[in-house]
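Engineer: Sequence:
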Amino acid sequence: MFYRPLLAASRNCPLDYLKYMVYNNNIHCSIVGVMALSTKKPVPASKFLLGMATTFYGKRYFTKKVKLVDDGVLKYLKPPYIIVANHASFADVGGMEMITAPNYPSFVISVTQLVQWPSLIRRMGVLPKKQFTVDTSLVRDIKYILGKKRSVVIYPEAKLSVVGVPNIIKPAVAKLVKLLKVPLVTVCFHGTYLHRPRWAKTSRFVPLKTDVRMAVSAEEVGTLTVDEIHKRICDNLAYDDYAYQLENNIEIDQPDLCEGLEGILYKCPECGAEFAMTAHGNKLTCTKCGAEVTQDKLGRLVGGKFDKVVDWYRWQEQSVRDELAIGNYRFEDYYVAEKLVGKKYVTLGEAKITHDYDGLSAEFGETKLFYKRDTFYTLSFNNDYVFLPTSEAVYRFRRTGNLGENAKLNIAVEQQSLADEVKH
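In the numbering used here, the protein residues as written are 288 to 711.
Hint data in this document are derived by calculation from the structure and do not stem from the laboratory. Incorrect hints may appear among the rest.
What the hints assert, rightly or not - DSSO-like cross-link-like pairs, simulated, lysine-lysine; straight-line CA separation at most 30 Å: (1) K430 - K570; (2) K462 - K365; (3) K327 - K436; (4) K496 - K328; (5) K631 - K575; (6) K435 - K327; (7) K570 - K592; (8) K710 - K334; (9) K328 - K488; (10) K488 - K659; (11) K710 - K462; (12) K584 - K435; (13) K468 - K518; (14) K575 - K465; (15) K659 - K626; (16) K465 - K435; (17) K365 - K518; (18) K488 - K362; (19) K488 - K575; (20) K496 - K630; (21) K518 - K631; (22) K362 - K435; (23) K436 - K362; (24) K488 - K631; (25) K334 - K365; (26) K488 - K365; (27) K328 - K365; (28) K430 - K630; (29) K468 - K327; (30) K659 - K518; (31) K327 - K496; (32) K496 - K462; (33) K710 - K630; (34) K631 - K592; (35) K465 - K436; (36) K655 - K630; (37) K436 - K462; (38) K584 - K334; (39) K430 - K362; (40) K630 - K327.
Remember, it's a predicted structure, so these values are computed and weren't measured experimentally.
With the hints as extra help, turn the sequences into a complete structure.
Structural biologist: Here it is in structure tokens:
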């Protein structure tokens, strides 16, 4: 769900014009070249299927287990409009269906989400998008759904939150709102990261809260600048789930609070060793120096240099920035390459991924993928996989090395991109 390459397109827009729009509207293309236009019209969200899902499952799950608190604003807003929301876990997708019913929206999602049940998921009204490619049919599909008096949900963070705060939000979605001339609604979920952090092995049932705002009205779309719209999006989607937990005294009493977190907090603050952190239960331990940190029921880290997960992660970002500035940064390790073919991933064999000051490359067999350093501003990753798409295919690379390497690689890509923005 990456939106960097959102571009101006209309149903009958010629390909040359699309290319012109891409390169002359400061929308940075990730892959040189433009994907072929799809002629298949998108399917609006099935009110019947989603109504059944929310009635027989959603209401029970979001009232008895996670206790979703919503003011009901969206039920009274008549589509069409664009909804921009934060994306802290997949619980906010189900939560979005609950708060928009019966005006179920279409979601812009990555094609990697369609692997298991593509036909069923498409009937839910999704608009699939290849990450980091110039998808010339996406805007056309969004316009089609809006023309049917339905709404469209976009997650501008591009991926699940890493540490319970916003990821980088680019102005591309603001450009899209300006282009389509429809109202913009922002929905910020609080607590969905706590419910199931991206690295966690189990769910935690906590109360969720939504903050719904009419960010840009129909009248304002024509008068506000892209920068002003972008600022409203960033301001309205500001959240910190660990702060939300502490402020609302939400206790999470589970025996595995830290298991998986060592894949994100990979560097020891005491001795500086990388990829030496291990987790057991609610405790993180460095295998090099023996330093230990425990996470309590309110999400605080006890016994170390940092009492917040976010602060530890920010320190890691600074460490990578220092490496990049000094000039001695280089990432290189081996993975297993897999290619999305139909409904499943097919193993292609060993791959070497390299990231340096020129860009990022992946070599496997006779294939070499190379992405210049301005291709990505962030990566799609989890503790086990890194996803690298091209205009023709979607590849994922399974980690065989140290846990935490994917997180550091992502930080390096992000910090390199931010540094380049400052220069320009």
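Engineer: Decide, hint by hint, whether the structure agrees.
Structural biologist: Against the structure, the hints:
Between K430 and K570, the direct Cα distance comes to roughly 49 Å. Violation of the 30 Å bound is thereby established for this hinted pair. With a C-alpha separation of about 22 Å, the suggested pair K462 and K365 falls inside the 30 Å cut-off, and the hint holds. At roughly 19 Å between alpha-carbon atoms, K327 and K436 fall within 30 Å of each other, so this suggested pair holds. Straight-line distance between C-alpha atoms of K496 and K328 comes to about 35 Å, which puts the hinted pair past the 30 Å bound.
The straight-line distance between the Cα atoms of K631 and K575 is roughly 39 Å, outside the 30 Å bound, and the hint therefore fails. The suggested pairing of K435 with K327 holds, with an alpha-carbon distance near 16 Å, which does not exceed 30 Å. For the given pair, K570 sits about 14 Å from K592 by alpha-carbon distance, which is consistent with the 30 Å threshold. With a C-alpha separation of about 48 Å, the suggested pair K710 and K334 falls outside the 30 Å cut-off, and the hint is violated.
Proximity of K328 to K488 is assessed by CA-CA distance (about 38 Å); at most 30 Å being required, the pair is judged violated. Proposed proximity of K488 and K659 is contradicted: the alpha carbons are some 34 Å apart, above 30 Å. The hinted pair formed by K710 and K462 meets the criterion: a straight-line CA distance of about 23 Å does not exceed 30 Å. At roughly 47 Å between alpha-carbon atoms, K584 and K435 are farther apart than 30 Å, so this suggested pair is violated.
Of the supplied pair hints, the one linking K468 and K518 holds, its CA atoms being roughly 17 Å apart against a limit of 30 Å. For the given pair, K575 sits about 52 Å from K465 by alpha-carbon distance, which is inconsistent with the 30 Å threshold. The suggested pairing of K659 with K626 holds, with an alpha-carbon distance near 21 Å, which does not exceed 30 Å. Of the supplied pair hints, the one linking K465 and K435 holds, its CA atoms being roughly 19 Å apart against a limit of 30 Å.
For the proposed pair K365 and K518, the alpha carbon gap of about 24 Å is at most 30 Å, so the pair holds. At most 30 Å may separate the alpha-carbon atoms for a hinted pair to count; K488 and K362 exceed this at roughly 34 Å. Taken as a hint, the K488 and K575 pair is honoured in the structure, with Cα atoms around 25 Å apart against an allowance of 30 Å. For the suggested pair K496 and K630, the alpha carbons sit about 35 Å apart, so the restraint of at most 30 Å is broken.
The suggested pairing of K518 with K631 is violated, with an alpha-carbon distance near 39 Å, which exceeds 30 Å. For the hint pairing K362 with K435, the CA-to-CA distance comes to about 18 Å; that is within 30 Å, so the pair holds. Straight-line distance between C-alpha atoms of K436 and K362 comes to about 14 Å, which keeps the hinted pair within the 30 Å bound. At most 30 Å may separate the alpha-carbon atoms for a hinted pair to count; K488 and K631 meet this at roughly 23 Å.
This hinted pair checks out: K334 and K365 have alpha carbons roughly 15 Å apart, not beyond 30 Å. A threshold of 30 Å between alpha carbons decides the hint, and for K488 with K365 the separation of about 39 Å lies outside it, so the pair is violated. Annotation: proposed proximity of K328 to K365 holds, straight-line Cα distance about 23 Å (limit 30 Å). Among the hinted pairs, K430 with K630 is consistent with the structure: their alpha-carbon atoms are about 28 Å apart, no more than 30 Å.
Between the alpha carbons of K468 and K327 the distance comes to roughly 24 Å, so the proposed pair stays at or under 30 Å and holds. Note on K659 and K518: the hinted pairing holds, with a Cα-Cα distance of about 28 Å set against a maximum of 30 Å. Distance check on the hinted pair: K327 and K496 sit about 37 Å apart at the alpha-carbon level, beyond 30 Å; violated. Using a Cα cut-off of 30 Å, the hinted pair K496 and K462 holds, with the two alpha carbons roughly 28 Å apart.
This hinted pair does not check out: K710 and K630 have alpha carbons roughly 42 Å apart, beyond 30 Å. For the given pair, K631 sits about 43 Å from K592 by alpha-carbon distance, which is inconsistent with the 30 Å threshold. Distance check on the hinted pair: K465 and K436 sit about 18 Å apart at the alpha-carbon level, within 30 Å; holds. The hinted pair formed by K655 and K630 meets the criterion: a straight-line CA distance of about 24 Å does not exceed 30 Å.
Taking the CA atoms of K436 and K462, the gap is about 21 Å. The hint holds against a cut of 30 Å. For the given pair, K584 sits about 39 Å from K334 by alpha-carbon distance, which is inconsistent with the 30 Å threshold. For a cut-off of 30 Å, the pair hint linking K430 to K362 stands: about 22 Å separates their Cα positions. Distance restraint check for K630 and K327: the Cα-Cα separation of roughly 19 Å lies within the 30 Å cut-off, and the hinted pair is therefore satisfied.
Checked against the numbered hints above, the structure breaks hints 1, 4, 5, 8, 9, 10, 12, 14, 18, 20, 21, 26, 31, 33, 34, 38 and satisfies the rest.
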